[in-house]
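So the protein sequences, as listed, match chains A and Z.
Everything in the first sequence is counted per my numbering, starting at 1 for the first residue and increasing by one.
Everything in the second sequence is counted per my numbering, starting at 1001 for the first residue and increasing by one.
Just so you know, these hints were derived from the structure itself, not from any lab.
Quick caveat, the model's predicted, so the values are computed rather than measured.
A virtual CB, placed ideally from N, CA and C, is assigned to each residue, including glycine.
Be aware that a few hints might be false.
[Unchecked claim] Distance ranges between label pairs, derived from CB positions:
| # | chain 1 | residue 1 | chain 2 | residue 2 | range |
| --- | --- | --- | --- | --- | --- |
| 1 | A | M15 | Z | P1039 | 52 to 60 Å |
| 2 | A | R235 | Z | L1108 | 16 to 24 Å |
| 3 | A | P321 | Z | G1010 | 53 to 61 Å |
[What the hints assert, rightly or not] Quick look at which bits of chain A chain Z covers, simulated, 3 or more residues with Cβ under 8 Å:
| # | segment |
| --- | --- |
| 4 | 208 to 215 |
| 5 | 221 to 231 |
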Amino acid sequence: MTAALRPRPAHSPLMVLGTLGIVAALSVLTSVMLGSVPLSPGEVRAVFLGQGSDLARMLILDLRLPRTLAAFATGGLLAVAGALMQVLLRNPLADPYVLGISGGAAVGALLAMISGLGLAWVSGSAFAGALLSTLIVFGLAHGTGSWTPTRLLLTGVVVAAGWGAVITFLLAVRPSPELPGMLYWLMGDLAHARGNALPWLTLFVIIALALPLGRSLNVLARGPLQAAVLGVPVRRLEWTVYLLAALVTAVAVTTAGTIGFVGLIIPHMLRLVIGNDQRLLLPASALAGGILLTLADTLARTIIAPEQLPVGVITAMLGVPVFLFLLYRSRT
Amino acid sequence: MSAALLTLEGLVIDIPGRAAGMALDFPVLPGQCWGLLGPNGAGKTTLLHTLAGLRRPRAGRVLLDGADLHRVPRRRVAQRLGLVFQDHYDGFPSTVLETALIGRHPFLRAWNMETAEDHDLARRALRQMDLAALAGRQVQTLSGGERQRLALATLLTQDPPLWLLDEPTNHLDLHHQVAVLDLVHQEVAAQRRGAVLALHDLNLAATYCTHLVLMYPDGGMCWGLTEEIFHVQALERLFQQKLAVMDTPQGTWVRPVPGA
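Okay, chain Z solo, but in the shape it has when bound:
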C-alpha cells in the first residue's frame, strides 16, 4: 500500500457557533477521490480549508506526508497540495496566462523569473481547460465558467499530488462539468494523485468519487467507499429532500422529487 498523501487524525473542523462535531479519521491515498456531500453550511468549505492548512481544526490534526500540516513550511505545503476556491478574486488587471502562471510560485526562488518550461506548463494547462485562445485576455473579462476553468488551469500548472477542489463544477456548462471531472478522474487514476472535492450534484459524485463523506449540519459525519455510503435513505436525511431512485446499468441514479 502506498503512503497516504494526507491523513485526517481525529479531525474536528472549527465552525463558529456549532457544538463539536464528529471527528474524521481517514487517510487520503493516491488513486482515491473523496467527495464531500452536504447541505449549505455543513462545513464542506471549512473542511477543505482545514485540509489545506488555511484554518486550524478545533481538535485533532492533519498530517501531510506524515508530518503535522501546521509545522510544514507553507512553501512545502504548496508543492504538495493545491486548492481551487469557490470564489475567485481579481482586483487588479492580469492576463489569463499570468493567472495560470502563479501556480509555479511555490517552485520558484525569490530572484527566479518564470522559465520557458513554466510557460509551457501554463500553456498546456490552458489547452487542457479549453482556454488556449484566451491566453492574452484580461481575467476581469471572463465569464463565470471561463474563470472557473482558469482556476483549474492554475491548479494544473501548480501540479501538486493532492488536489482540493471546492465545487469545481460551479458555473460550468454540462460539457465542461463532465470534462473537468473526467480530468480529475484520469489524473487520480493514472497519475496516482489524490483528490478531495466538494460537490452538489449527487449523481456526479457517485460517478466520479471512490469515497464519500456525508456532512450533516449538526456536525455528524459518515464516510466510506461510495458504494457503501451512497444510499437513498442517508441522502434523503442529509439534504432533507425526498429523492426518487432509478437503477440503471450505469448504477443508481437519484433525482429530487418536486414538492416533497
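Just chain A, same shape as in the assembly:
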C-alpha cells in the first residue's frame, strides 16, 4: 500500500480540542509572564492563588490578564469569521480583512467614536459597517452563478481600499488629540482592549450557534446545488452565516481594531491537519486563533519594548506569505 492510499488517521475531536486547550493555557501563561517586568511561573501561580506581591498582582490582574484574554477572544473570533466566510465563498482565501469586511466595521466604529457615542453605539455601528461591506462584496462578487476567486478577491481588495480612503478622510476632517491612538487601533491594537466581556460572550454564542449547522456547512462547502439536493435550505443557511460572520467581525474590530490574516492562517493550517469537517474545524479555529493572537500580541508588546507594536503588524507579517502561498497554489 502506498502512502497515498493509506487512510488518513482519524483525529478524535477530543484529542484535537484537548491538545489545543493545553496549548491555549500555555500561551496565556506565557503572555502574562512576559513584559517589561518578567514574572516567573511561580509568581503567576501565587497571584492566581490570591497571594504574591502587589506589583505582580497589579501587573497580572489589572494589566496583562485582561489584555491577554481580550487578545485570545479576538483571535478566536477572527479565525471563526474566516472559516465561516471560506465555506460561504468556497474559497480558502476568504478572510474578513482581505475582503474589506473589517474595513467596513472600522469605518462604522470610527464614525460612532468621532460622534462621541458610547460603546454600545460603537459596536452597533461597527456591525452595520461590517454588514454593509459583506453585502457589497458578496453581492458584487456573485457573478453568473458562482464566485470566482479572481472576482471575489478583486471586489474585496477594492472595497477594502475604499474603506481605507474613507478612514483617512474621517481622520483628516476630524483631527483629534487621540489621532495616534486611533491610527494604532486601526492597525490592530489590543492596548485599549480590556475588561470587556463582549468578545468572549460572542465567541461562545457563535460556537453554540454554528456547531449544529456544522454538517450543513460541510455539505454547503461542496457547492450550493449539491447542498440543495441533499436537503440543505441553502438560501437561509447562507444568510445566517453572512449575519454571523459580519457580527463576529464587528465585535473583533470594536475590541482590537482591524487585525488581518488570522482568519486566513488558522483555518488553512488546521485543515491541513484535521480536514474540513466544520463541526471540529470551527471550535478548533476558535482555540487556535486565540493562541495565535495571544502569542502575536505578546510579541508585539515585547519585541521593541518599552515601545509597543500594533499586533496587526505581526499578523500581517505571518499572514501575507501564507496568503501568497495559497494564491500561488490555486493558480490552476
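Got chain A; can you put chain Z on it based on the hints?
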C-alpha cells in the same frame, strides 16, 4: 398500479432565450427508467434540475408523491430523490469516505453524528462502485472516472427511491459504463425505484431505458416507451446526424455514419 414517484404536469422547462417549449405530461413510476436524449443545449440538465426542484419551471409543475415539489421541505425532497450532477466540485480537502457519507445528511438531525450504520451504508456503496480501496484517499486526487463513481456512491448512500442522473457514464471506461447502468437497471427493476437519466450513447439508452424522452433544440418533446420512440428517422432528426442501423438479436443498433 403503484403510485407515481414523480409526476410532470404540463411541465415546460425554463431555458433563457428559448420561446416556450412543449409541455411534458407523464408520471415516473417505480420500475421505470426514463432516458433523456437530445443534442447539447436541448435542456436535459435543465429538465433534471427542474425535476429535483433546483429550478422553477416556466409553466406547469412537478408533483412529488402527489404534492407540489416546491411546497415540500428540501429535507423531505432529499429523502425521496437524489441527483448526480454532471460536474463535481471539490474546493476543500475531503476523503472519499467523507464524500460518500454526505449522502446521509437528509436523514440526520442537526446534533446527530453519523452512526456506525451510516458508515456501513457508505462503505457498501463504495464497494459497489469499486472504490473501497480508495476510502481514505483525498477526492482531489481522484481521476475523472473515479470521481464520477464516487458521485454515484454518494447517491447509493443517500438511497432515495427516485434517481436523477445527469450523464452518469461521463468519464467512465467501458466496463464501468456497463456496470453503472447494470446497477441502475437492477435497482429500478428489483427495488422498484424510478430513474431519469440523461444519456448520450443511443445504444446504451435503448438497452437500459424503459422509456425515452427525445428533446429537440427548438423545445419540441417526444416521449413514450423505448420500443415506440427509438426510431432511426426520429433520432437522425434529433441529432442532425445520418445513422446506420443494424438489426441484431439484441435489438436495433445504431451508429453514426462518418462524414454524413
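Hints and how they fare:
1. A:M15 / Z:P1039: 52 to 60 Å: 55 Å, holds
2. A:R235 / Z:L1108: 16 to 24 Å: 21 Å, holds
3. A:P321 / Z:G1010: 53 to 61 Å: 59 Å, holds
4. 208 to 215: holds (count 3)
5. 221 to 231: Per the Cβ count (9), the hint holds.
Figure legend: structure checked against the earlier numbered hints; every hint is met.
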